[in-house]
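Student: Read top to bottom, the protein sequences are chains A and B. 1 is the number of the first residue of the first sequence in this note's numbering; add one for each residue after it. 1001 is the number of the first residue of the second sequence in this note's numbering; add one for each residue after it.
Hints in this document: simulated from the structure, not taken from any laboratory. Check the hints yourself; a few may be wrong.
Below 20 Å or equal to it, Euclidean Cα-Cα: the simulated SDA-like pairs (lysine to any residue) are [claimed, not checked]: (1) K169(A) / Y1011(B); (2) K188(A) / I177(A); (3) K188(A) / E1009(B); (4) K51(A) / Q1143(B); (5) K135(A) / G1046(B); (6) K80(A) / I177(A); (7) K1045(B) / K51(A); (8) K1004(B) / R108(A); (9) K10(A) / R1100(B); (10) K1004(B) / S105(A); (11) K1105(B) / K169(A); (12) K1105(B) / C27(A); (13) K51(A) / H33(A); (14) K135(A) / Y1011(B); (15) K51(A) / S1135(B).
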Amino acid sequence: MDYRMSWSRKCFLAANYTFLTVISLLCLIPFIHIFAVSLSSAAAASAGSVKLWPIDFTIASYENVLSKREFLTSFGVSLKRVLLGTAVNMLLTVLVAYPLSKEVSHFRLRTVYVWFFVLTMLFSGGLIPLYMTVKMTGLMDSIWALVIPAAVPVYNIVLLLNFFRGLPKELEESATIDGANPFIIMWKIFVPLSVPALATLTLFSMVMHWNSWFDGLIFMNQPEHYPLQSFLQTVVIQRDMRFLTPEDVELLKLVSDRTSSAAQIFVATMPILLVYPFLQKYFVHGIVLGSVKE
Amino acid sequence: MILKRWAREWYLHLMLLPAIIIVLIYSYGPMVGLVIAFEKYVPAKGMIHSKWIGLDNFKYVISLPDTYRVLYNTVYISFMKMVAGLIAPIIVALLLNEIRAMVFKRLYQTFIYLPHFLSWIILGGIMLDILSPSSGLANQLLQSLGFEPIFFLGDNRWFPYVLVGSDVWKEFGFSTIVYLAALTGINPSLYEAAEIDGANRWQQTRHVTLPGMVPIMILLATLSLGQILNAGFDQVFNLYNAQVYESGDIIDTLVYRLGLQQAQYGVATAVGLFKSVVSFVFISLSYIFAYRFANYRIF
């Protein structure tokens, strides 16, 4: 499509670049501002004079945050839940998606099972009964409360199931003739062929676990069991002062509530920024993954 | 033959077993637990021995003056989010599509996808800072332009729009992906034909691009219908406060406060049951419509 640029076209392009630059900045500036606040002195931050560049540059707020035991503990809990939760999620996703990707002629109860899982996407018992169930099964205050109730990600399963159905059927047939059982076929043929899809779902799951906060808030009684996002909910959002020690109160003269919040927000954002290149690549992939249809 | 088939299928059943147990306990279990909506539930007595009171919890909820407010807020907020969340990404996708320089396109995409991946804890924390009435960035800007400062998160006139605006801000970029994919699917020969017929860029957009996007627009609009009672718990919970209950309290936050803060388990479950049933109808309808009109199947 080669054509000369008319004057109106040039105008449009200029306006278009301007508009897209503005909305890109709108997405970026809040983060730059928070970063600048986190690196500014308490006085400058409280006075509200910090815009997009640190004023009276200091890393005191980071020193403070990274020396707080509660913060580090909850960071550890988050890492633990991401590793454990993602491993369990992926294992169950593969174990469910494979059988459900079979045709009814090969697996007679397939439709029943599919509905068994899909129904949970349509209807749920809601917050209070879930809370009771977690309590009754004795998961309260344990890391498993953050892993088990969310262990079967039905949406991811549907994506993988559709992906599996797109793989050539001959592979499975020939392996069956060679005497491989379904476990072997799943593990040795389907899993290796779906690495990009599995990578996408792994990232879905990791981000979901890192960002989850509500389950930590309601299922954990002791704050030292909070994952990072739940901890930040109480400190940054609810401004809960229970976590302040006397030394902290002394420190507040140096590190204001505001710079401290900003530093904590930024540290919690870092892991996402670190995997962001992968996220961008694979999430787009994941959207397309869902559209594999016969 | 039959035996062999049994042997093969036996493996498949076995693979499903762990997930089935977990789903039975943590998804179907709570559905059974919904009976406490009809009980005067006392934790010490448990689900079975608590007193059955029929529809009293529902009658109590209906008698509360706040209930209608909350229902109205929920539908109002989620409907506005639905409309804005549908239109904004279409416009941005169309504009991004006009950018021929790949470097810039990638750069824009990198920036506008970012908020999608962060939790409402992070974004809520940032918004609390930026929208602070005294020293927040937003109000400083307003003041420098000669306006009065606005207490965005404490003013009922502003709060719902702050919710809608920030939700669009978080998701518009990421939502463009689907539309950009649809745009690449439009047959290039249609553009060539339009050009030969003398259509300019705008006419091409109007008569080729937009009609090409209609199916995906209808599909997404239909699917979002199922979310009519989901006004965004994560977002509202982290941004609201008692001052803006009037305009920002939604079903999910009400359930949380009734159930987990005030320990009125039966009443909270009744509200939750109402939401689950209505949502079930809407989600099912949206899937049925999506299947009928766009041949969309989830599996």
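Student: So, for every hint listed, does it hold in this structure?
Tutor: We went through each hint and held it up to the structure:
| no. | hint | result |
| --- | --- | --- |
| 1 | K169(A) / Y1011(B) | holds (18 Å) |
| 2 | K188(A) / I177(A) | holds (15 Å) |
| 3 | K188(A) / E1009(B) | holds (18 Å) |
| 4 | K51(A) / Q1143(B) | holds (14 Å) |
| 5 | K135(A) / G1046(B) | holds (12 Å) |
| 6 | K80(A) / I177(A) | violated (42 Å) |
| 7 | K1045(B) / K51(A) | violated (57 Å) |
| 8 | K1004(B) / R108(A) | holds (14 Å) |
| 9 | K10(A) / R1100(B) | holds (13 Å) |
| 10 | K1004(B) / S105(A) | holds (14 Å) |
| 11 | K1105(B) / K169(A) | violated (39 Å) |
| 12 | K1105(B) / C27(A) | holds (15 Å) |
| 13 | K51(A) / H33(A) | holds (6 Å) |
| 14 | K135(A) / Y1011(B) | violated (33 Å) |
| 15 | K51(A) / S1135(B) | holds (11 Å) |
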